[in-house]
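Novice: Chains X and D, in that order, give the protein sequences. The letter at position 97 of the first sequence is residue 97 when you use the numbering used here, and the numbering goes up by one with no holes. The letter at position 228 of the second sequence is residue 228 when you use the numbering used here, and the numbering goes up by one with no holes.
I should point out that these hints are in silico values taken from the structure, not numbers from a laboratory. Glycine residues also receive a C-beta, built at the ideal position from the N, C-alpha and C atoms. A couple of the hints might just be wrong.
To be verified - Some chain D residues near chain X, calculated using beta-carbon distances under 10 angstroms: (1) L93; (2) D292; (3) Q294; (4) R296; (5) A298; (6) W300; (7) A302; (8) V306; (9) T309; (10) G313.
Claimed, not checked - Straight line, CA to CA, 27 angstroms or less: simulated BS3-like cross-link-like pairs of lysine-lysine: (11) D:K266 to D:K190; (12) X:K145 to D:K286; (13) D:K278 to X:K145.
Read off the chains here:
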Amino acid sequence: MNPHDSIFSELGHGAQFKAFDMHNGRVLKIPLTEAETTQVARRRRNIIHGTLEQIASIDVRVQTFMNSKARIPAMITHGFDEPQPFLQLLGNPALVPIDNLLPEDTPEKRWGAARFVYSQDKVEIVRGLLEYLSAQEKVAASDHKKFVQLVQNYVQHVYATWEYGYSDYIFKLGDMGVRDDGTLVTVDLGEFSSDPQFIERAITEKWWYDNTNPLKSDFPKMHADLVADYLQILDASFTIAEFRKRWRRNHICSACTPESNTISAFIATKVMEIDYVDRL
Amino acid sequence: MSAHASRPLLGTFYRYHFIGNGAQFRVYAIHSATDQPTGRVIKVPLDFEETRHVVAAPLSRIATYNTVDEFNALLDARVRDIMRYKHTLPALLQGIYGQDNRFMQNLGQLRMLQAPIPSDIAGAYFLPIYYTQDQVTTIGRYLEHFRFIQPNYPNDLAPSDIAIVQKLVQEIISLHYAIWEYGFFEFVFKPENMGIRMRGSKVEVIWMDLAEHITDKDQAEAILAERRWQHSLLPHKIDYIYLPAILHDYYIKACDEAFTLQEFRKRWRRRCVVQERKQQRRLQRKMLFTKDSQRRVALWVAQQNVPHTLYHGLANERVDDMNIPHKDLITLYNDRQVAPRSPENLEPIERDSAAKPATNIPAYEQLILKYL
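Starting from the given sequences, assemble the full structure and let the hints guide the process.
Specialist: Here is the structure:
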């Protein structure tokens, strides 16, 4: 009897996917519909019956969630000559052939552009650790030391993705995963960009500060004792100079032709990134 | 669960004898090709319409409503609740729960089948899952033996019967305690959600209908204060089995003493906490002996994640291994049998007589008056 074929149990969900334990060291990610995403967005902003302005802002956020996850297939199937090291950083994502399992969109059930399912390595999620630490009155010195090491590992992980020409732009530490050997994995692939201007903006505006903002309810709270070290390490590491030094350094592929590196790449990137409306 | 005997459904390797149905599952005893019981049952999930059909009649008798539309809205909401509760069942089999053989024994060695009902079958709802479970006698059926014994004439009961029935009540209480220790709370306190198995003079009670449970402590405490176990003694609570009158005093006393806030708090998630600490200590030890700093961080993260990770993952033993062919599952799904009311079932008669006010008119005179 192969338990891998059995019913998968739900591990949880974010605003883009539901994650199911495949009981074989992998998780299965099935996209949320637009209505489900709206529910998540409302819950996060604690808006159940909002004003017209609040609802409009939720709609914009939902569109961003829906569109940004639609870029995942292109990213994980990009024609790198050696894709494995890059995919390793992302938990070895693999698209699952679903043929026509996702029904046609109806007004009630819309998947929009994100009509795909993927699987990924199952790893320990940092969110649980942050929640544990934030519940402590005081962070023990040994925990503090390990946290600093974790953040330093995180920096190296982000650098590695930059070298392949992709970057997470939310910098949500809680969405990182850790393998048994201690290597980090980006679990949430729905908030990546390959647009360097956009990432430079995220760096200039230091979007990683959201991790320490108590008003950002979708970020796990960080214990006050840890904030200074966290910000100090990231502020020093995520700079425009460091970014430019690394951007696409390891991006060796046959997919990006010379012309697509110029005009067509520019157009394609701009068209793809057009959905960041709520971050304009 | 109502019971019924009919011709078995013939499967590829097995025969399936319809036992009965509740609002969530139809239950079939699995027999071999030569019609020998395997000791297991298969639970086939009811879809939305079937559940609606089962729930409609009892709900119409207990719900308050003014119009048909109002009733339909109530009915749909109730059915959705039932479907949702059914969807929480797999959680009972995962992680440490599924690994604890004693707990699984309490659940009648519940196992999931590999194949869900295909999503292209109309009516499938909330990923219906088949389960198999040990075959036991329903409490309702077992208690028929005690119907119409008057509390004033307890001599109608053999001393061994009294001992068994007292043991039965104690076992029901112990079962509630056992599931509290794992952080589950059966919130309806329906004796009929339990099954009974006699092993010599030993009475074993298993949690047969497991879907009506919650995991929220505050909610559980609020429900405890309502003393819902009393409902089985109230003739008008038709959504509960009516316990034989002879058991009322003992049952209510035992439950009132057992189901207190103090007992609840003492037990709530006790086993979970023990297991979490054990696992955290194990990771801590591992961390102390690990030189690689990166790996140490990984163990540290895993240690703090224990309260989540301990409850995930499905062991091989929790997946049914009877190799029931997919074709049989479809046959069972399409069977749609509903148990008729059994004429031998004395429960409704005892309930009705308890509901009627006491009268001094002899029975034969009542009969004559009725026909006049």
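Novice: Quick one: which hint numbers does this structure break? Sort them smallest to largest.
Specialist: none
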